[in-house]
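**Q** Which chain is which? The protein sequence lines are F and U, in order. If you use the working numbering, the first sequence closes out at 477, no skipped numbers anywhere. If you use the working numbering, the second sequence closes out at 376, no skipped numbers anywhere.
Since the hints were derived computationally from the structure, they do not count as laboratory data. C-beta atoms are modelled at their ideal positions from N, C-alpha and C, and glycine is treated no differently. One thing to keep in mind: the hints can contain errors.
EDC-like mimics (lysine to aspartate or glutamate), calculated; alpha carbons at most 20 angstroms apart, straight line [claimed, not checked]:
#  : chain 1 : residue 1 : chain 2 : residue 2
1  : F       : Lys442    : U       : Glu282
2  : F       : Lys445    : F       : Glu473
3  : U       : Lys182    : F       : Asp415
4  : U       : Lys182    : F       : Asp412
5  : U       : Lys199    : F       : Asp411
6  : F       : Lys223    : F       : Glu316
7  : F       : Lys385    : F       : Asp457
8  : F       : Lys327    : F       : Asp411
9  : F       : Lys442    : U       : Glu308
10 : F       : Lys13     : F       : Asp391
11 : F       : Lys364    : U       : Glu192
12 : F       : Lys454    : F       : Asp391
13 : F       : Lys293    : F       : Glu473
14 : U       : Lys182    : U       : Glu370
15 : F       : Lys327    : F       : Glu316
16 : F       : Lys442    : F       : Asp415
17 : U       : Lys214    : F       : Asp369
18 : U       : Lys159    : U       : Glu192
19 : F       : Lys293    : F       : Asp272
20 : F       : Lys5      : F       : Asp391
21 : U       : Lys182    : F       : Asp411
22 : F       : Lys13     : F       : Glu203
23 : U       : Lys199    : F       : Asp369
24 : F       : Lys13     : F       : Asp120
25 : F       : Lys385    : U       : Glu192
26 : F       : Lys138    : F       : Asp120
27 : U       : Lys199    : U       : Asp352
Partner residues aside, some chain F positions facing chain U, computed with beta carbon under 8 angstroms [what the hints assert, rightly or not]:
#  : residue
28 : Pro368
29 : Val371
30 : Gln372
31 : Leu373
32 : Gly376
33 : Asp415
Quick look at which bits of chain U chain F covers, simulated, 3 or more residues with Cβ under 8 angstroms [stated by the list, open to error]:
#  : region
34 : 125 to 133
35 : 213 to 221
36 : 309 to 322
37 : 337 to 351
38 : 358 to 368
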Amino acid sequence: MIATDPRLAEPTHGDTPQLYAKRVPVFPRKIDGPFRRFKWAVMVACLAVYWVTPWLRWNRGAFAPDQAVLVDLAHRRFYMFAIEIWPHEFYFVAGLLIMAGIGLFLVTSVVGRAWCGYACPQTVWTDLYQHIDRLIDGDRNAQLRLHNAPWTGSKLARRLLKWSVWLVVAFMTGGAWIFYFADAPTLQRQFWTGVADPVAYITVGLLTLTTFVLGGFMREQVCIYMCPWPRIQSAMLDEKSLLVTYKHWRGEPRGSLKTAHRHLETGLAAVGDCIDCHQCQAVCPTGIDIRDGAQIGCITCGLCIDACDKAMAQIGRPRGLIDYCTLEDSAREARGQADTPVLKTILRPRTLIYFGVWAAIGMGLLFMLGTRTRLTLSVAKDRNPDYVQLSGGAVRDGFTVKLRNMEDRPRRVTVATAGISGARIFTDDMDDHAARGALAMVVPADTTLRLRLYLLGPKGAKPGAVLFQLKATDREGGQDQVRSTFSTPEGNGQ
Amino acid sequence: MVHDHDQAGPDTGKTSRLDEATGTHTVGHEWDGIEELDTPLPRWWLILFYLCIVFAIVYVILYPALPGLRGATPGVLGWTSRGALAADIKTADAGHAAVRAAIAAMPVEDLVKNPVLQRAAIEGGRAAFKQNCVQCHGAGAAGSKGYPNLNDDDWLWGGDIGAIAQTLQHGIRYPGDDATRISQMPAFGHDGILTPAQVQDVVSHVRVISHQEAVSAASQRGAAIFAQNCAVCHGANGEGGRQVGAPRLNDAIWLYGGDRAALTETVTNARAGVMPAWQQRLDPVTIKMLAAYVHSLGGGETSPAAR
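My request is simple: use the sequences and hints to build the entire structure.
**A** Encoded structure:
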């Protein structure tokens, strides 16, 4: 885990180290400051987005659901405000996921582990649960006392109360998830009346359980042991990445105010600014000591900065003994030089390349979204039989044709063919004497219409390419065409 | 878990000792200084292992499990995979009940007037066809020698949906069904009605009217024989006769082949294909569905009533 963790060095059997580090519970102290307030704001925003989104409405007319964000797995549709995505357009989702990935790289290269510190669900819910702890058990010291106290009735009562509140939050978290996958008001009614699909209850149960366990009991262990992201980020940080930095050149050697006075009076070497008050450790949600340097347990939430600034203000020393700082600036400050300008740190090839790739994918997706066809045709030729010889000398080929109307309203269309002169078409619910050059039909809203289509080639028709054409005849228009082949006893046109 | 160790192990001669680094005993084996730790199984693994044993015992009691000579032990729940399948089929049938009742109540010719039922019938027929018909008529219904292609517009006994349904119900030349479609072509050569030379003349004529050969002296002799012997069923110009299931001869479609050898065999020994009467095996609704499906294959004709 952490190379400098003193727990690892604890001797147990002779001089050999204990290989298993037991978790030391973390009871972060309450703190206020700019970063804490920013964290509050992000937390409120994230939770609000999570809980409110499924309840937003979006009018799509009579043929589609009116939920603004809906992953309709049953009908294989994904709705997001004005955008509707079908399964064959899943590349939009893939593109968004790739953008999210590159976006994380971009954010990491500009502001370090900001995701971990503020926006990650594990961080947000752990933070929420730690607030609940303080609300019920009191601040750090009270929590520590209670933790070490024997199991009495009152402790049990407290614990049960706390776990109940955890469970309520966990249930609200798990419960909100299912509303993204079905009409929220309907599902809620069904949920409480016990008639919702079992999968809804199972999902809520599982997510309640995982939230309860991950947010209540595992907390920082998820970040340190389970999550791959800190390890990836550790590999991605460079000398220009923003880190929470203890400025050891200013803080060391540590010493209390008394020691500082004594040293001053006795003419010993001056001590540093760090008064070793351990406030930075006390407020840390992952329980690390930032003064050990950059480490995997640091989610860069900045709470230790708030704590240290407060301590420095109380003793009248300048703020920023612990601060957001790049490795490069650390070295410069240690040498007594000025910081690199912020723009110069941010605008470097690495961030620009990330941004370029990220923006290019985004523009590509937007372009595809703007130009995609909402009325499409696909044709599969029958191979068994390849062709049918008719009595009169004509030849008939069969095709399976799919007309896909992705609009939320019915479309009037015609289907016709080109390439075989004199060809006529009909469907399997028509007789062949009703065959004609073009068929008019209505494709219902939001539907793929599957047709068995027969193409009658006149006597003497040659095998060859045939073009299927779909044309919308309503006001809006639109068209699509697909190539296929026409087979006769003479061959298959290839 | 500290074990009393067998000190007389043949390959060791060493004894178990406490390993300082791990706090675990060794098993006592030693190979060139390499020892094996007697690390206990993780508790979670052991608990899972015991739970699996409990699960297995409960499973054996509840479900069919232990194989015997005449089948497995039944299990107290009485569950069988065959029974589960039957229940599923029953559920599926219940889902189709309304559509099947509606199809049962209407004459097969009227299906075309109800597009929803027609579609349901075609799809139901598609499934039933794969189960009952593909053995002879092929998966694509294209048939093979002696088994008609159902996609084309050449029908022996009629191609409107009513005629197809009747063929399905009663079969062709099927013993045991009084209403079966029946006809018998004479074995002209075999029974001595025509001499082998006359048979060849008739074959020449048939190949002429089907545009496979040019008119010749033989075909002209054959034309006269055809008019006397064949035209009564196959029509004066070989246009076929559906009343008796006589195939059309002046087209490019051949049930048994249109080359000289195949035609000689046909005229000499006759042909008489047989199709089962499916009403003996299938319910009336499935037969209507099959008729709708076959009618939808592209060669279906309009019902006389609708014309």
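**Q** If a hint holds in the structure, say so; if it does not, say that too.
**A** Hint check:
For the proposed pair lysine 442 of chain F and glutamate 282 of chain U, the alpha carbon gap of about 19 angstroms is at most 20 angstroms, so the pair holds. Note on lysine 445 of chain F and glutamate 473 of chain F: the hinted pairing holds, with a Cα-Cα distance of about 8 angstroms set against a maximum of 20 angstroms. For the proposed pair lysine 182 of chain U and aspartate 415 of chain F, the alpha carbon gap of about 17 angstroms is at most 20 angstroms, so the pair holds. Taking the CA atoms of lysine 182 of chain U and aspartate 412 of chain F, the gap is about 10 angstroms. The hint holds against a cut of 20 angstroms.
Between lysine 199 of chain U and aspartate 411 of chain F the CA atoms are separated by roughly 18 angstroms; this keeps the pair inside 20 angstroms, and the hint holds. With a CA separation close to 14 angstroms, the supplied pair lysine 223 of chain F and glutamate 316 of chain F stays within the 20 angstroms bound. A distance of roughly 19 angstroms separates the Cα atoms of lysine 385 of chain F and aspartate 457 of chain F; the hinted pair therefore holds under the 20 angstroms criterion. A distance of roughly 70 angstroms separates the Cα atoms of lysine 327 of chain F and aspartate 411 of chain F; the hinted pair therefore is violated under the 20 angstroms criterion.
For the given pair, lysine 442 of chain F sits about 18 angstroms from glutamate 308 of chain U by alpha-carbon distance, which is consistent with the 20 angstroms threshold. Restraint check for lysine 13 of chain F and aspartate 391 of chain F: not satisfied, since their Cα atoms lie roughly 52 angstroms apart, outside the 20 angstroms limit. Of the pairs offered as hints, the one joining lysine 364 of chain F and glutamate 192 of chain U holds, with about 19 angstroms between alpha carbons and a cut-off of 20 angstroms not exceeded. Restraint check for lysine 454 of chain F and aspartate 391 of chain F: satisfied, since their Cα atoms lie roughly 18 angstroms apart, inside the 20 angstroms limit.
Restraint check for lysine 293 of chain F and glutamate 473 of chain F: not satisfied, since their Cα atoms lie roughly 91 angstroms apart, outside the 20 angstroms limit. For the proposed pair lysine 182 of chain U and glutamate 370 of chain U, the alpha carbon gap of about 15 angstroms is at most 20 angstroms, so the pair holds. Restraint check for lysine 327 of chain F and glutamate 316 of chain F: the C-alpha separation of about 16 angstroms stays at or below 20 angstroms, so the hint holds. Using a Cα cut-off of 20 angstroms, the hinted pair lysine 442 of chain F and aspartate 415 of chain F holds, with the two alpha carbons roughly 15 angstroms apart.
Simply put, lysine 214 of chain U and aspartate 369 of chain F have alpha-carbon atoms about 17 angstroms apart, close enough for the 20 angstroms limit, and the pair holds. Of the supplied pair hints, the one linking lysine 159 of chain U and glutamate 192 of chain U holds, its CA atoms being roughly 19 angstroms apart against a limit of 20 angstroms. Of the pairs offered as hints, the one joining lysine 293 of chain F and aspartate 272 of chain F holds, with about 17 angstroms between alpha carbons and a cut-off of 20 angstroms not exceeded. Of the pairs offered as hints, the one joining lysine 5 of chain F and aspartate 391 of chain F is violated, with about 58 angstroms between alpha carbons and a cut-off of 20 angstroms exceeded.
At most 20 angstroms may separate the alpha-carbon atoms for a hinted pair to count; lysine 182 of chain U and aspartate 411 of chain F meet this at roughly 14 angstroms. For a cut-off of 20 angstroms, the pair hint linking lysine 13 of chain F to glutamate 203 of chain F stands: about 17 angstroms separates their Cα positions. In summary, the hint linking lysine 199 of chain U to aspartate 369 of chain F is supported, as the alpha carbons are separated by about 18 angstroms, within the 20 angstroms threshold. With a C-alpha separation of about 12 angstroms, the suggested pair lysine 13 of chain F and aspartate 120 of chain F falls inside the 20 angstroms cut-off, and the hint holds.
Proposed proximity of lysine 385 of chain F and glutamate 192 of chain U is supported: the alpha carbons are some 16 angstroms apart, at most 20 angstroms. Our distance criterion of 20 angstroms between C-alpha atoms is met by lysine 138 of chain F and aspartate 120 of chain F, whose separation comes to about 10 angstroms. Between the alpha carbons of lysine 199 of chain U and aspartate 352 of chain U the distance comes to roughly 16 angstroms, so the proposed pair stays at or under 20 angstroms and holds. Hint on proline 368 of chain F holds. Least Cβ distance to chain U is approximately 4 angstroms, under the 8 angstroms limit.
For valine 371 of chain F, the interface hint holds, since its Cβ comes within 8 angstroms of a Cβ in chain U; the closest pair sits about 4 angstroms apart. Checking glutamine 372 of chain F against chain U by beta carbon gives a least distance of about 6 angstroms; that is within 8 angstroms, so the hint holds. Interface restraint check: leucine 373 of chain F against chain U, minimum CB-CB distance 5 angstroms, threshold 8 angstroms, status holds. With its C-beta approaching chain U no nearer than about 7 angstroms, glycine 376 of chain F sits inside the 8 angstroms limit, and its interface hint holds.
Annotation: interface hint on aspartate 415 of chain F holds; nearest CB of chain U at approximately 7 angstroms, less than 8 angstroms. A stretch counts as covered by a chain when three or more of its residues have a beta carbon under 8 angstroms from one of that chain; for the region 125 to 133 of chain U and chain F the count is 0, and the coverage is violated. Here the region 213 to 221 of chain U counts 3 residues with a CB under 8 angstroms from a CB of chain F, which clears the bar of 3, and the coverage holds. For the region 309 to 322 of chain U, the stated coverage by chain F holds: 4 residues have a C-beta nearer than 8 angstroms to a C-beta of that chain, and at least 3 were required.
Given as covered by chain F, the region 337 to 351 of chain U fails the check, having 0 residues with a CB less than 8 angstroms from a CB of that chain where 3 are the minimum. Judged by the Cβ-Cβ criterion of 8 angstroms, the region 358 to 368 of chain U is covered by chain F as claimed, because 4 of its residues qualify and three suffice.
Consistency with the previously given hints fails for numbers 8, 10, 13, 20, 34 and 37, ordered from lowest to highest.
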